Every structure is written in C-alpha cells, then in structure tokens.
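In the order they appear, the protein sequences are chains A and B. The first sequence begins at 7 in this note's numbering and counts up by one. The second sequence begins at 6 in this note's numbering and counts up by one.
Quick caveat, the hints were computed from the structure, so don't treat them as lab data. Honestly, I wouldn't trust all of these hints.
[Said to hold, decoys possible] Using 20 Å as the maximum straight-line C-alpha spacing, the simulated SDA-like pairs for lysine to any residue come out as follows:
#, chain 1, residue 1, chain 2, residue 2
1, A, K65, B, H68
2, B, K119, A, D401
3, A, K65, A, A21
4, B, K119, A, A408
5, A, K65, B, S109
6, B, K119, A, K11
7, B, K119, A, T72
8, A, K390, A, C371
9, B, K77, A, R217
10, A, K65, B, W36
11, B, K119, A, K52
12, B, K77, B, Y29
13, A, K65, B, A72
14, B, K77, A, C371
15, A, K52, B, W36
16, A, K52, B, C38
17, A, K65, B, I115
18, A, K487, A, C371
19, B, K14, B, W36
20, B, K77, A, D401
21, B, K77, A, S37
22, B, K77, A, F38
23, A, K52, B, V40
24, B, K119, A, N34
25, A, K65, B, K14
26, B, K119, A, A21
27, B, K119, A, S8
28, B, K119, A, S37
29, A, K65, B, E71
30, B, K119, A, P67
31, A, K65, B, G63
32, B, K119, A, Q338
33, B, K77, A, K487
34, A, K65, B, Y66
35, A, K65, B, V40
36, A, K154, A, G175
37, B, K119, A, K487
38, A, K432, A, K390
39, B, K77, A, K11
40, A, K154, A, S32
Since this is a predicted model, take the numbers as computed values, not measurements.
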Amino acid sequence: MSVAKSFAISLLGLAGTLIEIEAEISSNLPSFVLVGLPDASLSESKDRVRAAIQNSSLKMPARRVTVNLSPASVPKQGASFDLSIAVAILAATSEISHHSVRNFIHLGELGLDGSVRSVAGVLPSLLSAKSLGFSRAIVPAANLAEAKLVSDIEVIGVHSLAEVANVHGANLVIREPEQIAATVLEPNLAENSNLENLDISDILGQADAIRALTVAAAGGHHLLMVGPPGAGKTMLAERLPTLLPNLPLAQALETTAVLSIADHRRSAVVALNGLVERPPFEAPHHSASVSSLVGGGVGLPRPGLISTANNGVLFLDEAPEFQLPVLEALRQPLESGEVLINRSAGTARFPAKFQLVLAANPCPCGRSFGQARGCTCSEVAKRKYANKLSGPLLDRIDIRLAISAANAGQMALDLEAAQENQMTSKQLRQQVQCARELAADRLSATPWSLNVQVPGSYLRKQLRLATEVTQPIDRALAKGKISMRGYDRCLRLAWSIADLAGCDQPRREHIVEAAYLRGSDSPMVGV
Amino acid sequence: MISNQALGKYGEDRAADYLHDRGYQIVERNWRCSVGEIDLVAQDANRLVFVEVKTRSGSGYGHPFEAINPQKVSRMRRLVAQWCATHEISGVNVRLDAIAVWVSHGRVSIEHLKQVY
C-alpha cells in the first residue's frame with residue numbers, strides 16, 4: 007500500500023471540518039512534501055513527524071513522501087495534525103493497518119522522541135467528529151479527561167506514537183512514558199470562581215448591594231455599581247460568582263469547549279480538569295483592546311474574554327476608563343448572546359452569554375458622592391466621564407446601583423449581626439438555585455431559562471400582572487419618569503425578586519424593589 | 006575499517022556490476038569536468054542513463070539516498086549537458102538514476118531508483 011489516509015478535525019471557532027490526510031510514497035529520492043494550505047506551525051510538523059517516527063522504532067520511508075491535507079481550501083492551523091500525518095505515512099508504508107487507521111479520528115502533537123503531547127480544542131473537535139459519524143478517536147493521554155466528556159465516542163488516550171501504532175496492529179515495545187512536566191503549574195487554576203477563598207460574608211455594611219447581587223445572580227441580570235473608591239465595588243463583583251450555582255451540563259460543555267480553544271493556559275486547565283462546572287469569571291484591566299474582549303487575532307479568529315466568560319461573569323472594573331470602542335463592542339453580543347468574528351481566513355461564531363458587571367467611580371477623582379466634599383473635578387470633566395457609559399449600553403443594564411461607602415456605625419452593627427445571621431455565599435447560592443429552578447419551570451415551554459433572556463412583550467402579554475401590582479411603575483411610565491424599556495426591565499427584575507421570595511408571581515412590593523434596583527437612567531450623576 | 010574513498014570505489018564497482026547484470030552497457034565511469042563528476046554512464050537499449058552512486062556502511066548517517074539533495078540533482082543535470090557536449094552527442098534519450106549501496110556486516114544491499122528528480 008503506497009497510498010493511505012487518516013482523518014483529523016480542523017476547527018474554525020467551535021465548528022469543525024473533517025480533514026482527510028492522504029499520504030503517498032513514491033519511488034524517488036527522499037523528500038517530504040506537505041500540501042493543502044498548512045500554516046507555519048503545521049509546515050513545521052514535517053520535521054516533528056520524521057523525528058517522531060524514527061525515534062519510535064518505526065521506519066520513515068527513504069522515498070519521496072507527499073502528504074495532502076484535503077479539502078485544500080480550508081485553512082489549517084497548529085500542531086494537532088502531527089499524529090494523523092504520522093499515522094497516514096505509517097499506513098502508506100504498511101507499518102500499520104490502513105483499515106484500522108480509517109476508523110479513527112487522530113488528534114495530537116508529536117514530540118521529537120515520539121511522545122504525544124496535549125493539544126487545544128479536543129472537546130469541540132470530538133463533538134464535530136461525533137456529528138460527522140465517527141465513533142472512535144485517539145487523543146493525547148493528557149487530554150483524556152476533556153475527551154471523555156463527549157458521549158458515544160470511544161476515546162483512547164496515548165502517550166506515544168508507538169502506542170498508536172500498536173492500536174493499529176503494530177507490535178512495538180512501549181517504553182514507560184516519561185513524566186512530562188505539567189505545562190500548568192498551579193493546581194488550582196479554577197481560581198476564577200474560587201469558592202474556598204471568597205465569600206459574600208466577607209463584606210460588611212453593604213446589605214443593599216448584597217441584595218442586588220443576589221437578585222442579579224437569580225435572574226442573570228447585568229449590573230452596574232457606582233460608588234466612591236473603597237466602597238467595596240470590586241469585592242462585591244468578585245463574589246458574584248460565589249452566588250451562582252454550578253452550570254447545568256449543556257452549559258458546562260459549551261463553556262468548556264470555548265475554554266478549550268482559548269489561550270494555552272486556559273486550554274491546559276481544561277485538558278487537565280475536564281468539565282468546567284463553575285461559572286467562569288473574567289475581570290480584564292481597563293487597558294484591554296477590542297479584540298482581546300470580543301475575540302479575533304491574526305489569521306484564524308480566537309475567542310475573546312466575552313466568550314471565555316460565557317455562562318459566567320464579565321467584570322469591568324473602572325468601566326469608564328475602558329476605551330469607548332471596547333465598551334460599544336459589547337452592545338451587540340449583550341443582545342444576541344453570541345459574537346461573529348470575520349477574518350479573511352473565515353468567520354467564527356462564539357457563544358457570549360455573559361453576565362456583565364460594571365463598576366464605576368462617580369467622577370474621575372472619585373469623591374463626587376454625598377455632598378461631594380473634596381471633589382476636584384470640573385462639571386465638564388464629570389459629564390465627560392459619565393458619558394463614557396453610553397445610553398444604549400446603560401439601557402441594557404438591568405440593575406444600576408449606587409453604592410455608598412460603609413460608615414462606621416453600619417459596620418459595627420453588621421459586625422454584631424455577623425455573628426448571628428449574615429448570609430454566607432453557600433446559603434445565598436441555594437436561594438439563587440431555587441429561584442432559577444422556579445424561573446426555568448415557568449419558562450420551560452420557551453427557549454429561555456433565565457429572566458434576563460425574556461423579552462418585554464412576553465412579560466407584558468403571557469405573564470401579565472394585575473394592574474394594582476404594577477401600579478407604581480405604571481404611574482412612573484405615565485409621568486415619563488421611566489421609559490418603556492425601563493418598564494420592561496423593572497418587570498423582569500420583579501420576576502427575579504419574586505422567584506427569590508418563592509412566590510409564583512411578583513407582588514406590589516417586588517415591583518417597588520425592582521424599580522429601586524433599576525435605579526436612575528443617569529446613574530453616574532447625583533450619587 | 007576502510008577509507009571513505011575506498012568504500013566509494015567499492016560501491017561504484019558493485020553498482021556497475023549490478024547494472025551490467027541487468028543488461029546495461031557501461032559507457033563510462035568517473036567522468037570528471039569542471040562542474041563535478043558523474044559516477045556511472047550506462048546505456049539501456051537506446052537510452053543513456055547517468056547514475057549517482059551513494060555508498061554507506063552502517064546506518065549512523067541515515068539512508069544513502071538522503072544524501073542526494075535537490076542541489077545535487079540539479080548539478081547532475083548540468084553534468085549531463087556537459088557530458089553530451091563533450092562527446093558531441095545530441096538527440097538522445099537520457100535518464101537520471103540513483104543507486105544506493107549499503108554495506109554492513111559483510112552484506113551488501115543495493116537499491117536502484119529510476120528517473121529521479
């Protein structure tokens with residue numbers, strides 16, 4: 007057999023394309039030709055494959071080897087094709103069975119010594135493989151935890167090319183796999199939603215804000231906190247993930263798949279730990295660029311932070327300090343829950359269902375609160391600062407909360423109360439879980455599961471409330487104090503509050519609380 | 006241990022025998038000019054065959070064919086043109102071949118690639 011083929015998956019975003027790898031051995035002077043639109047790191051695969059084959063007690067043919075990656079028009083990237091190229095060559099030289107090779111998807115990067123190294127994107131690749139009708143796959147042993155997440159596909163984890171050859175009928179002596187130093191050193195990289203170290207009960211004197219966080223967690227509502235420096239905005243935001251329940255399986259798989267193709271660090275954590283069950287938490291610095299947030303990059307598009315925060319929390323501290331284009335770029339994904347990234351190499355679609363948390367100072371110097379004593383900002387500077395958060399963006403934020411610095415009296419009271427009845431994250435998380443279950447039951451006939459996703463028309467028609475219940479916001483609407491969109495947001499919040507209270511529908515006091523949480527349309531002024 | 010030159014000479018002898026056994030007529034051996042050297046020129050029916058012979062003992066330096074790189078092949082093409090000009094031969098069919106002679110533990114194996122490029 008001087009022609010053989012094997013199969014691999016090329017990813018564009020989360021979507022996979024089946025790549026057929028054909029190897030041909032022709033009787034000519036030894037050379038190795040790789041065709042079919044490989045990128046630079048894939049072209050280098052020639053040297054890795056040659057060395058790996060020779061160092062695995064297998065024979066690299068001393069003839070002309072042509073490897074074709076088909077379809078040639080699909081751009082291919084990265085080192086994950088190494089293994090399938092090596093296998094195709096070995097099948098072409100009849101070192102291994104070409105019948106066996108065709109039944110598998112092969113993924114893996116080769117080391118010069120023949121070891122098989124972990125690659126990114128194993129989960130989305132295998133999901134594609136499954137939908138393409140493959141039932142067996144060979145993956146790096148380091149990716150086994152991730153690969154096993156895909157049901158109905160038999161996965162074999164391998165340490166070396168020799169092990170792969172043995173799967174396909176060779177009879178090689180397997181050396182004890184070397185302990186490869188872990189590429190990720192910290193064991194606890196799920197630090198994002200680190201339940202052990204952070205707890206909502208760390209926060210004193212901010213009962214209102216904790217309530218707002220709980221409502222936000224229950225309904226998945228976006229949240230803006232405005233307050234002076236040191237009030238605890240960052241502490242609060244960092245503890246929002248501790249109130250969120252574990253992700254349901256479908257969402258956990260989606261989140262894991264995105265993290266698997268994100269940067270090296272994140273994909274290594276996924277490879278190591280498998281399913282990501284805790285909602286992710288991303289808190290970029292305000293110098294972040296549009297493409298770091300939204301996704302992009304040279305060549306093939308990669309997910310940005312809004313996608314790695316999928317089904318979790320994106321926290322923008324000092325939100326007005328972000329560049330305007332960065333903030334505006336969030337509007338469309340906030341609406342659609344996904345982002346399309348177009349590059350010359352192709353268009354990738356990434357999920358971006360994140361919960362947005364913004365924190366802002368009331369003015370550039372941060373002292374414009376209360377009586378604004380000591381504030382040195384001019385009116386123009388204040389307005390410019392406030393205008394950074396545009397109307398359309400603020401409109402999409404359900405909860406807009408003014409936070410004041412905790413005062414000594416309140417803290418003393420809280421410290422006393424803390425001994426007895428301050429809620430811990432664990433308790434609140436259970437409440438949130440119950441509230442979410444109520445909402446999911448109510449919305450079971452719809453495509454939505456969280457209150458934040460429900461459109462206003464549905465709330466006003468199918469979930470219509472009695473007029474005496476909605477009277478406070480009806481009146482505000484009539485007087486022009488809130489907009490129609492603000493009205494819908496209040497209804498949405500009221501449902502989340504009712505869910506938290508365990509009521510089957512909102513009461514008047516829930517509507518009032520919702521209107522309070524919704525806050526002002528110009529939250530940066532007059533805190 | 007024999008020297009590289011002696012090994013090369015031995016390999017070329019074996020390659021010439023190999024071709025002769027298969028009905029080739031050896032036209033010339035070790036033809037030199039300013040461009041370089043042609044190891045073997047042979048005639049196969051009405052075709053002139055120019056052969057590069059590579060000999061190795063042991064496998065420490067890889068397969069003999071791996072030493073024939075694209076530069077070497079293009080130099081052989083120039084040599085063929087030189088040879089034909091010198092011998093005032095034109096309008097013949099020519100072919101470039103490579104022969105690997107592998108000597109190890111007293112055993113000799115020969116591989117012959119026809120029409121290399």
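Tested hints:
1. A/K65 x B/H68: It holds: about 11 Å lies between the C-alpha atoms, which stays within 20 Å.
2. B/K119 x A/D401: 76 Å, violated
3. A/K65 x A/A21: 35 Å, violated
4. B/K119 x A/A408: Violated, at about 84 Å.
5. A/K65 x B/S109: Holds, at about 18 Å.
6. B/K119 x A/K11: 26 Å, violated
7. B/K119 x A/T72: 18 Å, holds
8. A/K390 x A/C371: Since the Cα atoms of A/K390 and A/C371 sit roughly 13 Å apart, the hinted pair holds (cutoff 20 Å).
9. B/K77 x A/R217: 79 Å, violated
10. A/K65 x B/W36: 35 Å, violated
11. B/K119 x A/K52: This hinted pair is violated, its Cα atoms lying about 25 Å apart.
12. B/K77 x B/Y29: Cα-Cα ~24 Å, so violated.
13. A/K65 x B/A72: 17 Å, holds
14. B/K77 x A/C371: 73 Å, violated
15. A/K52 x B/W36: Not satisfied, since the Cα-Cα distance of roughly 37 Å exceeds 20 Å.
16. A/K52 x B/C38: Violated - the C-alpha atoms of B/C38 and A/K52 are around 37 Å apart, more than 20 Å.
17. A/K65 x B/I115: Holds, at about 18 Å.
18. A/K487 x A/C371: 30 Å, violated
19. B/K14 x B/W36: 13 Å, holds
20. B/K77 x A/D401: 72 Å, violated
21. B/K77 x A/S37: 13 Å, holds
22. B/K77 x A/F38: 17 Å, holds
23. A/K52 x B/V40: The given pair, whose Cα atoms are some 33 Å apart, is violated under the 20 Å limit.
24. B/K119 x A/N34: 8 Å, holds
25. A/K65 x B/K14: With Cα atoms ~29 Å apart, A/K65 and B/K14 exceed 20 Å; violated.
26. B/K119 x A/A21: 46 Å, violated
27. B/K119 x A/S8: 17 Å, holds
28. B/K119 x A/S37: 15 Å, holds
29. A/K65 x B/E71: Judged against 20 Å, a Cα distance of about 14 Å means the pair holds.
30. B/K119 x A/P67: 17 Å, holds
31. A/K65 x B/G63: 16 Å, holds
32. B/K119 x A/Q338: Judged against 20 Å, a Cα distance of about 64 Å means the pair is violated.
33. B/K77 x A/K487: The hint is violated at about 86 Å.
34. A/K65 x B/Y66: 15 Å, holds
35. A/K65 x B/V40: Distance ~35 Å between A/K65 and B/V40 Cα, so the pair is violated.
36. A/K154 x A/G175: Not satisfied, since the Cα-Cα distance of roughly 24 Å exceeds 20 Å.
37. B/K119 x A/K487: Violated, at about 90 Å.
38. A/K432 x A/K390: 41 Å, violated
39. B/K77 x A/K11: Measuring from Cα to Cα gives roughly 32 Å; hence the hint is violated.
40. A/K154 x A/S32: 39 Å, violated
In summary, the structure is inconsistent with hints 2, 3, 4, 6, 9, 10, 11, 12, 14, 15, 16, 18, 20, 23, 25, 26, 32, 33, 35, 36, 37, 38, 39 and 40 from the numbered list given earlier, while agreeing with the others.
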